[in-house]
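Here the protein sequences come in this chain order: Y and X.
Here the first sequence is numbered in the numbering used here, starting from 868 and rising by one per residue.
Here the second sequence is numbered in the numbering used here, starting from 5 and rising by one per residue.
Read the hints as simulated data drawn from the structure, not as lab findings.
Incorrect hints may appear among the rest.
[Unchecked claim] Quick list of in silico lysine-lysine cross-link-like pairs, PhoX-like style, CA-CA up to 20 Å:
| no. | chain 1 | residue 1 | chain 2 | residue 2 |
| --- | --- | --- | --- | --- |
| 1 | Y | Lys-877 | X | Lys-84 |
| 2 | X | Lys-233 | X | Lys-84 |
| 3 | X | Lys-15 | Y | Lys-874 |
| 4 | X | Lys-15 | Y | Lys-972 |
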Amino acid sequence: MRATLSKARKIRNLRDGYAFISLWLFGFFSLTFIPLLFSFYLSFTDYDLLTPPVWSGLNNFVTMFTKDPRYWKSVFATFYYAIAAVPLRLVVALAVAMILNTDRKGVSVYRALYYAPSIVGSSVAVAVMWRQYFGTEGILNVLLNVIGIPSNISWTGDPRFAIWTLILLAAWQFGSPMLVFLSGLKQIPNELYESASIDGASGLRKFVKITLPLLSPVILFNLVMQMIHGIIVFTPALIITGGQPLDTTNFYALYLYRRGFENFQMGYASGMAWVLLVVIALFTMVIFKTSSNWVFYETGKGR
Amino acid sequence: MASATSPLRKKLNTFLFHFLVSAFAFIMIYPILWLAASSFKPAGEIWTRVLSLIPVEPTLVNYVNGWQGFGGLTFGVFFKNSIIVSVLETLFVIISSTIVAYGFARIEFPGKKIWFSCMMATLMLPVQIKIIPQYIFFGYLKWINTFLPLIVPKLFGEAFYIFMLMQFIRGIPRELDEAAEMDGCSRLYTFAHILLPLLKPPMFTAAIFSFYWSWGDFLTQLIYLNNPKLYTLSVALRSFADPGGMTDWGAIFAMSFLSLLPVLVLFVSFQRYLTQGIASTGLKG
């Protein structure tokens, strides 16, 4: 009796389960999985949207890796940006989170103020403003002149500095990793710090021995997500610098967009997208594989 | 060492904390305040009294000029388009994601693990990889220059919201659904009448997230909307502030600030929901 009941139940679960996830399942196949395969095929063709795709073998990849200096320049710019912006953002986020991790009055107001830039930061409106902020007549030059350093360069138009205006914009939006760090910090039991204080541990020692290890899973999560976001940054580069000067901010996503939707080289752009996917997958894998060396999981310590 | 806890020392510490933290906060939101202030400055003032946050002669002329838009289309059109797209996207993605989240969180069925892993993997998938084949596909359906490519995909749920809602559903005691099942309720009934009422708060949080991401989205809107009549605010602002075009910075700042206003208001009203949402999905990831 019991067995038949559970069998009926199993069938019902099967039917209900797939009924509930069917929406997602349909979307996954029609808008993600099949498009992915199609884009894989396209990356071996020349396709301009008007005439049917023409098979070109590995030609796109050969061009990409050996004959297109702009490609490598965009790879370099993207890594430069991500490697500068992501750690900067995370360090500021962690520092501010630690300062705000108190019971003092007004903390929730500060938290909201620090988070506000993340709310608007990736919009076109802020990008438009940022361009003026660092323009010839912008805030930075005015400030420099006030403190006695004459300056009238366009920071977004100078190949030495343009990428840094974008890195600064990214660092400015430290709000969401800050919130994640804050809730992580709240879960560290206070007794740990108290007993460390009794043992005479310094603030730095407490940070290295208690805060960092206990926060490491959160840091790992933030690192992966922020790295991916850093690698696919698009809006600020298009609006603020347009990929200029001298292609120093021609980030990967921007270059891919231009190849695909301005030059209509859909095959080449698909190839670029697949390389991007592989790089992100490898990157994530490396971070997770090495994480066992530096991420501390409480449950893994024989509890 | 006794002075370390003296009341005076404590007060000084508190004062220092508030002074430094609010000074840094001011620097952080200064750009937003600057944008707002500049939008109320007359043309002569914007680049002459650059640092000032208080216009000497506040004016609405920038808003009047900016609202005229371009190509015979006012910003009213772009606002309307942004509202249509954001509201429909949000409505669809929240309804579909809630249904899917229930399936993943509460029903044990063969294949669930694989599909769940597939779903989580899509979280890491860059938009760039899907955008070309999807563009070709929607082009084939003659959907370019309509809102459909933006709205229809939302009918099938999105991993971020599904995961967020699942986290919440897992926190609801299972006995609740089991009791309903014992009483002979169908799954659909249990979902609609027992769980759905409890899911209102996280659905609301998810809706705020969705609205503000749709509102700020740029890449997909840029690709699918080439007809100025269909421009959303993001796309319109880009054309409006084109470096080769006009240089009425007052008008550009006014429309930029106006486009941020809905998300800022939403943020000020519901910041608790947003901050909790980020904390909960972030940690469990």
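Hint check:
Our distance criterion of 20 Å between C-alpha atoms is broken by Lys-877(Y) and Lys-84(X), whose separation comes to about 49 Å. Of the pairs offered as hints, the one joining Lys-233(X) and Lys-84(X) holds, with about 10 Å between alpha carbons and a cut-off of 20 Å not exceeded. For the hint pairing Lys-15(X) with Lys-874(Y), the CA-to-CA distance comes to about 69 Å; that exceeds 20 Å, so the pair is violated. The straight-line distance between the Cα atoms of Lys-15(X) and Lys-972(Y) is roughly 13 Å, inside the 20 Å bound, and the hint therefore holds.
Against the hints set out earlier in the document, violations occur for numbers 1 and 3.
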